[in-house]
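Peer 1: Just so you know, the sequences run in chain order A and B. For any residue, its number in the working numbering is found by taking its place in the first sequence, counting from 1, and adding 20. For any residue, its number in the working numbering is found by taking its place in the second sequence, counting from 1, and adding 35.
Mixed in with the good hints, there may be bad ones.
Stated by the list, open to error - Partial pick of chain A residues on the chain B-facing surface, computed with a CB cut under 10 Å:
1) Ser25
2) Asn71
3) Lys77
4) Ile132
5) Gly141
6) Gly145
7) Gly187
8) Ala257
9) Pro265
As the list claims (entries may be wrong) - Pulled a few chain A residues facing chain B out of the computed Cβ check, cut under 7 Å:
10) Leu123
11) Pro243
12) Arg246
Just so you know, these hints were derived from the structure itself, not from any lab. Yeah, the Cβ is synthetic: ideal placement off N, Cα and C, and Gly gets one too.
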Amino acid sequence: LDENSIREAVRRLYLTASSTVTSDVRTSLRRAYEEEENEVAKTNLKVVLDNLDICEKKTIPVCSDTGYPVWYIRVGEGSLKWFCEWIPVLRKIITEETKAITLEGKLRPTVIDPIDRANPGTNVGEGMPFQRWKFDDSGEVEITCAPKGGGTEIFGSSSKVLLYADGLGGVKNFVLESVTQADLHGKACPPNIVGVGIGGTFDLCAELAKEAAVLRPIGSRHPDPRIAKLEQELFEAINLTGIGPLGMLGRTTALDVHVEFAYSHLAGFPVAVAFQCPAARVSTALIAEGGIQFKERPNWFRRMKD
Amino acid sequence: LTTVSLRIPLSEQDVRRLRVGDIAYITGRVFSGRTGVHMRLIEKSLPSPTDLSEANVMWHLGPVMKKDGGKWVVVSAGATTSIRFEKWAPQLIRRFRLRAMIGKGTMGSGTRQACQEVGCVHLGKMGMMTGGAYAERVEKVLEGHWLDMGTSEALWILLVRELGPFVVDMDAEGNLMYDGIDKRILNEGVPRARRTLGIEGFRYALGEEG
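If we strip away everything but chain A, and leave its shape as in the complex, we get (with noise of 0.2 Å):
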């Protein structure tokens, strides 16, 4: 391990991550092509999948909303004797690859000043690229480039309070009132994974959300049986609705509904709900003293067997 192989690395992500989905998303993304029976709806996700085949060959970016550039990286304690010295290396090599890559063309500069829309051309600037580090108990570090776009981020995320007297109702309710309001027009470009957010703090219940959204594979489920059973009858629900492929009706509005849970304070409790598009770019190495090995999805919640 030595810096430039840290540095290829994160290049290698990024240029994966943006350019193509992650396979469970196409293999659901195909199926829903075949279940689909509308005219419509069959028409936009064929118009997807050619998409995703162009894009992969060429190595360019799936979407031109190449999003915001966020990292997750996860880190087992019992590595730290060793890899604390690259935490530095790997923060600065972050940002310096995203400006790079950016300044090559192979990112779009999406990332502006809030305040007077200033575009300093390079997908850095005040919090960005957003990294969120996490510390756990394995021996294991991974990193994630997770590129996040703004149909879902900026239409998609909501979050509220409630009450106990609310109860799993309340979460249930405000699950699909932001559905409806995110994707009725396509505004959040459905089919979309769902994140949900229960409990903890303010904060970290959108974290979860956000998390539960791009780092869970499709078809997971929680292990605990009532985050499972909640998140089933979320996905049928969701499904009903007909909203379908942006928004033009059919019978894909969400390709699975993944939610995470934290303990809460008595007085009440927050809901997040985030959304990840058809442009689910996740892309994850683990890095070890010995060398780098590439995979798909992380392991974030620690619940996969590698």
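Please arrange chain B on chain A, whose structure you already have, making use of the hints.
Peer 2: Only chain B this time, still in chain A's reference frame:
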């Protein structure tokens, strides 16, 4: 589905013939723009940096651009959410006599009125993303203006061939494709989902008193 091929510049007659639900492909000169272009043309009332009469179709687009051997090329394209420009679009249509706007989703009542008056339609993109597929249909980047706003916010004049498919979601006679669609979703689909979840008649505990 009725499918049509449109040639730009579009005449009023060309677009008055289109009906909600028609599928369209377009060929010719289009201009791109998003928030920055609207702010300069409408809020600041700046003159257009180029003649738009031969490119009377606006594409709500922030492309990925690259300079290749001194020439700009479109690496990846798409169509951004049109409703964000509702504040400015009616004035833009009237001022430049636009015949079509291309974007994701649809537009609001102000645009609908301007479309009826002037003879203009909104073309909704079909399919999510479409980055490389669209880029392949852009034959040439003819002009680039206002690059100080960044390549994604600039006004580009692009030559496109058989770009699409798009669906006419707002025609020049005041019809809206989403009227019927939204009714089905809100009156049938959402209640069905609510029943399944057992939350018919649910109200938040704090309600209006909160």
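Peer 1: Of the hints given before, which are not true for this structure?
Peer 2: Hints 1, 6, 10, 11, 12 contradicted; others consistent.
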